[in-house]
Amino acid sequence: MPIGRQPTSSRIWPSGGAHLWPPGGTSADHTHPPGHVVYAAQGVLSVHTEGSTSIVPANRVAWIPAGCPHHHRAHGHTDMRIVFLPPSLARLAPARPAVFLAGALAREVLLALTGPRDRGRAANARLHRVLLDELREAGEQPLQLPEPRDDRLRAVARTLYEQPADNTPLAELGRRTAASARTLSRLFRGELGMTFYQWRTQLRVYHALVLLAEGHDTTHVAHACGWSNPSSFIEAFAAVVGTTPGRYRADTR
1 MPIGRQPTSS
11 RIWPSGGAHL
21 WPPGGTSADH
31 THPPGHVVYA
41 AQGVLSVHTE
51 GSTSIVPANR
61 VAWIPAGCPH
71 HHRAHGHTDM
81 RIVFLPPSLA
91 RLAPARPAVF
101 LAGALAREVL
111 LALTGPRDRG
121 RAANARLHRV
131 LLDELREAGE
141 QPLQLPEPRD
151 DRLRAVARTL
161 YEQPADNTPL
171 AELGRRTAAS
181 ARTLSRLFRG
191 ELGMTFYQWR
201 TQLRVYHALV
211 LLAEGHDTTH
221 VAHACGWSNP
231 SSFIEAFAAV
241 VGTTPGRYRA
251 DTR
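FYI, in the UniProt record's numbering the residues of the sequence shown are 1 to 253.
Hints are computed from structural coordinates only; laboratory data are not their basis.
Be aware that a few hints might be false.
[To be verified] Between beta-carbon pairs, the in silico distance windows are:
(1) R186 x G139: 21 to 31 Å
(2) R154 x P23: 23 to 33 Å
(3) S9 x H32: 29 to 39 Å
(4) H71 x S232: 31 to 41 Å
(5) D166 x R91: 35 to 45 Å
Using N, Cα and C, we set each Cβ at its ideal position, and we do this for glycine too.
Work out the full structure: start from the sequences and follow the hints.
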């Protein structure tokens with residue numbers, strides 16, 4: 001069920017739905033009996049599951065298995081599409097939440113399945129199979145931000161969530177949390193599976209996606225997220241998202 005800022009418009013049917021969310025719109029934690037995919041035709045979604053946050057811009061699709069608790073948040077005006085998969089196809093998808101690259105065909109299929117036209121059960125079944133084939137062929141391309149469990153990591157994460165442009169060295173962040181840089185480095189690798197600098201880059205790209213969805217230009221976003229110049233930001237953004245900030249903004253409008 002939605003909480004806070006609710007969808008401004010919704011279309012719901014047994015096989016899926018479409019919701020137009022205002023900036024900051026957030027759903028309560030919930031589950032669905034069938035597994036489903038979530039796509040942002042416009043704007044950016046963050047899908048929160050236990051232990052991590054998945055970022056879903058317009059070139060990604062999130063998969064959420066049946067019965068998996070989750071909630072989502074809209075960044076910018078967001079056109080969210082949901083497609084429920086029948087059990088016969090859902091069992092071919094991962095048993096855990098995942099994020100897939102959304103190619104042009106997958107995006108068109110998602111829009112067709114969630115559009116106003118009723119194609120009928122047989123046509124929808126064919127489109128479901130095409131969608132799953134496309135996602136499996138593209139492979140997982142996660143934009144995930146793992147959530148730390150250790151109190152010291154959580155303190156570091158809290159600082160950077162609030163100030164993503166903060167360039168404080170890890171050693172100084174460690175002194176604030178009574179942990180050495182070596183200890184924090186070990187915790188980042190052990191708990192989150194990445195280095196501190198990789199995690200911070202993921203966090204900054206997450207914030208960049210949000211700011212771009214809100215309409216800010218590339219130069220503003222680069223500085224707001226901690227890059228010293230737009231060129232460095234564009235390079236880092238493209239390495240993570242797979243497209244430049246300018247192309248991304250054009251694709252999501």
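Now for the hints, and whether the structure bears them out:
Range check, R186 to G139: Cβ separation about 30 Å, and the 21 to 31 Å hint holds. At roughly 27 Å, the beta-carbon separation of R154 and P23 lies within the given 23 to 33 Å, and the hint holds. The given range of 29 to 39 Å is broken by S9 and H32, whose C-beta atoms sit roughly 20 Å from each other. Between H71 and S232 the beta carbons are some 33 Å apart, a value that agrees with the proposed interval 31 to 41 Å.
A C-beta distance of roughly 44 Å is found between D166 and R91, which places it inside the suggested range of 35 to 45 Å.
Checked against the numbered hints listed earlier, the structure breaks hint 3 alone; every other hint is satisfied.
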